[in-house]
Amino acid sequence: MTETLHLINDIHDVPKLGAWVEGLGEKWELPMPQVFNLNLALEEAVVNVMNYAYPHEKGKPITVTANKDSEAFYFVIEDEGIPFDPTKAENPDITLDADERPIGGLGIFLVQELMSRISYERKDNKNILSLYV
Amino acid sequence: MKLEIKEKEGILTGVLCGRLDTAAAQQFEKDMQPLMGQANKPIVLDCTQLDFISSSGLRLFLALRKQTLAKGGSVTIKGVNPEIKQVFTITGFFSLFNFE
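As you go down the protein sequences, you meet chains V and D in turn. 1 is the number of the first residue of the first sequence in my numbering; add one for each residue after it. 134 is the number of the first residue of the second sequence in my numbering; add one for each residue after it.
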């Protein structure tokens, strides 16, 4: 089974992603906690693309594909922005007290924690990020 | 996403309702300014009706916590669902707030 969602790099397009994941959850009969985790991981990954792969341009495409069969369940996020490899992001120090914690830096960390594996490749001038459930 | 702020006996309560995703966080940041401005008081964030939070929402929770640290108030988080609780645990946010 494959489903595809087309977004543009506008923060106001993010709720479409949430609705799409909820729809997949119903169609593919996914458990509620998994739908929540997928919702969160995909949002963080897509928002990172908006912020880092397309820092200046507007109206640029981001494609999210869900693939599920008996052997594998994974999502692929593709964009045509500048090369950006989120798997190289440094993990935040989550043991710091509130006064020492920097604001931000949690997005990709959450993706890595919520998915079993993520992988990145640059191909045909595209960033291709795969998120394995 | 809605935020309703109430004050009773010196305790400020912010009741959050809906999805605090990246798109909603921009408006929420504006809506929470009365809490930021009174960070010398005990603040309760009632999350019983909060369905979802992303890192954009977490950063605003942390900003409020930092403000209360500076001003002498406190932040207590109430009624989070198990999925949101898990997000607080993963990110180490669980130890930064009081939970009820």
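Hint data in this document are derived by calculation from the structure and do not stem from the laboratory. Computed from a prediction, not measured in an experiment: that's the story for all the values here. One or more of the hints may lead you astray.
[Unchecked claim] If you anchor each label on the Cβ, the simulated ranges turn out as follows:
id, chain 1, residue 1, chain 2, residue 2, range
1, D, 174, V, 56, 23 to 31 Å
2, D, 139, V, 91, 34 to 42 Å
3, V, 69, D, 202, 47 to 55 Å
4, D, 204, V, 91, 40 to 48 Å
5, D, 231, V, 68, 23 to 31 Å
6, V, 23, D, 212, 42 to 50 Å
7, V, 88, D, 222, 20 to 28 Å
8, V, 4, D, 232, 33 to 41 Å
9, V, 29, D, 139, 24 to 32 Å
10, V, 83, D, 141, 50 to 58 Å
11, V, 56, D, 181, 34 to 42 Å
12, V, 88, D, 181, 15 to 23 Å
13, D, 212, V, 80, 40 to 48 Å
[Unchecked claim] Below are the DMTMM-like pairs computed for lysine to aspartate or glutamate, each with C-alpha atoms no more than 20 Å apart in a straight line:
id, chain 1, residue 1, chain 2, residue 2
14, D, 199, V, 113
15, D, 139, D, 216
16, D, 174, D, 184
17, D, 204, V, 100
18, V, 27, V, 71
19, D, 199, V, 97
20, V, 68, V, 78
21, V, 60, V, 100
22, D, 204, D, 140
23, D, 141, D, 184
24, V, 27, V, 57
25, D, 139, D, 179
26, V, 16, D, 184
27, D, 135, D, 164
28, D, 199, D, 164
29, D, 163, D, 216
30, V, 16, V, 26
31, V, 68, V, 100
32, D, 199, V, 100
33, D, 163, D, 142
34, D, 218, D, 142
35, D, 211, D, 142
36, D, 218, V, 97
37, D, 174, V, 99
38, D, 204, V, 121
39, D, 218, V, 3
40, D, 218, D, 184
In this text, a Cβ means the ideal position worked out from N, Cα and C, and glycines have one as well.
Handout entry: Contradicted hints - numbers only
Key = Structure breaks hints 1, 4, 5, 6, 9, 12, 14, 15, 16, 21, 23, 24, 29, 31, 33, 34, 38 and 39.
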